[in-house]
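Student: Sequence:
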Amino acid sequence: MNTKKMLPLFVLVPVVVVLGVALGVLNHADTEEEDISIALCSLDADSVIAIAYKDASDGATLESALTKTDDTWTLDSDPALPLDQSKAQGVADSMTALTALRELSDDADVASMGFDTPTYELSLKTADTEWTLTVGSKNSITNNWYARLSADGPVYTLDSSALSGICKTAKQLYAAQSITDIDVDDVTKMVVQTANGGTLSFAQNDSTWTLTDDAEYNLNQDIVKKMASTICDLKTKWSVTEPQADAVYGLDTPNAIVTLIASDGTSIQCSFGGNDAEDDTLCYLRSSGAAGVVYEVSTDALNAFAYDKAALEAEEEATPETADVAAEDPVGNDNTVDDE
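Position in the sequence shown (from 1) plus 79 gives the number in the numbering used here.
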């Protein structure tokens, strides 16, 4: 009887042992998982004052350097170019946050890891410390990157996606500029000159637009307001801080010149030039508010002024009289009867 009662206990003991081993394996796996993330940089991102990087991952080499002075990032190759400060700081944040999957042993075959022709070269500088990371080739099996701290420092493997998007082009760092701070409701006068020599002059009073030389003309209010709003709301896509001659940008013979005058007397004049040869969705623009700079803006802005006087005429609204006529003769037939 006692033997029979003890049998379940003998059966349970191996089960408990197996569960204990499994739990130990799982705990060990969790520990290994926690240990595989190795910080590569101990610098505080906010203390970084200089960034440099080379990126040859797509065949063409992207090379850039940035410097922070008085909490403002500038591009070394074009200090006057306005940068989005959060994006520039984001580069430093991303570099200081880099982690490795594992550190390789001292006897690793470093010569075969592509460090002689790096795919990436990253460097950071603080007031008293410099940090560099050289990234060679990818492991042919795991597809992870080989990376090395300093010229002869330890070698690590990085996740294949660890460096994606970390190096920014100048255009990716660019801060779009507002052409003017004039509000469209404060505009009292707008003059539009087109390439064919035509000039249209508008006045705005109590939110109603009129032609200054033909105040009774039935203007399409939506189109004219869109013209003024285009300038008031315009954001740049790029700044040429050291422009060449006007002819290079088609600004010697502008496609349109638009002038806005506000109620307080302030004004802005924008000259639209030709299209960017590399991107026909962009055209060049010169603003009276930024002497010595040529901007790139969307061609949609120029298209907003592709109207002559006739195209700006609003459709006649139906009156009770015209509505009655339309109801009696909806197809516009001539209902008169000739005398026989």
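One thing to keep in mind: the hints can contain errors.
[What the hints assert, rightly or not] Restricting the straight-line Cα-Cα distance to at most 27 Å, the calculated cross-link-like pairs of lysine-lysine (BS3-like) are: (1) K166 - K147; (2) K268 - K305; (3) K268 - K217; (4) K305 - K316; (5) K166 - K316; (6) K316 - K388; (7) K304 - K250; (8) K147 - K316; (9) K304 - K388; (10) K388 - K268; (11) K166 - K314; (12) K133 - K147; (13) K204 - K305; (14) K166 - K133; (15) K133 - K388.
It is worth saying that the hints were derived from the structure and are not from the lab.
Student: Taking the hints in turn, state whether each one holds.
Tutor: Here is what the structure says about each hint:
1. K166 - K147: Between K166 and K147 the Cα gap is close to 13 Å, so the pair holds against 27 Å.
2. K268 - K305: 14 Å, holds
3. K268 - K217: 62 Å, violated
4. K305 - K316: Given that 27 Å is the threshold and the Cα spacing comes to 20 Å, the pair holds.
5. K166 - K316: Status holds; Cα separation ~16 Å.
6. K316 - K388: 30 Å, violated
7. K304 - K250: 31 Å, violated
8. K147 - K316: The given pair, whose Cα atoms are some 23 Å apart, holds under the 27 Å limit.
9. K304 - K388: 15 Å, holds
10. K388 - K268: Answer holds: K388 to K268 is near 16 Å, not above 27 Å.
11. K166 - K314: Holds: K166 and K314 sit about 18 Å apart, inside 27 Å.
12. K133 - K147: 19 Å, holds
13. K204 - K305: Roughly 48 Å separates the two Cα atoms, so the pair is violated.
14. K166 - K133: 17 Å, holds
15. K133 - K388: 54 Å, violated
When the structure is compared with the earlier hints, violations turn up for hints 3, 6, 7, 13 and 15 and for no others.
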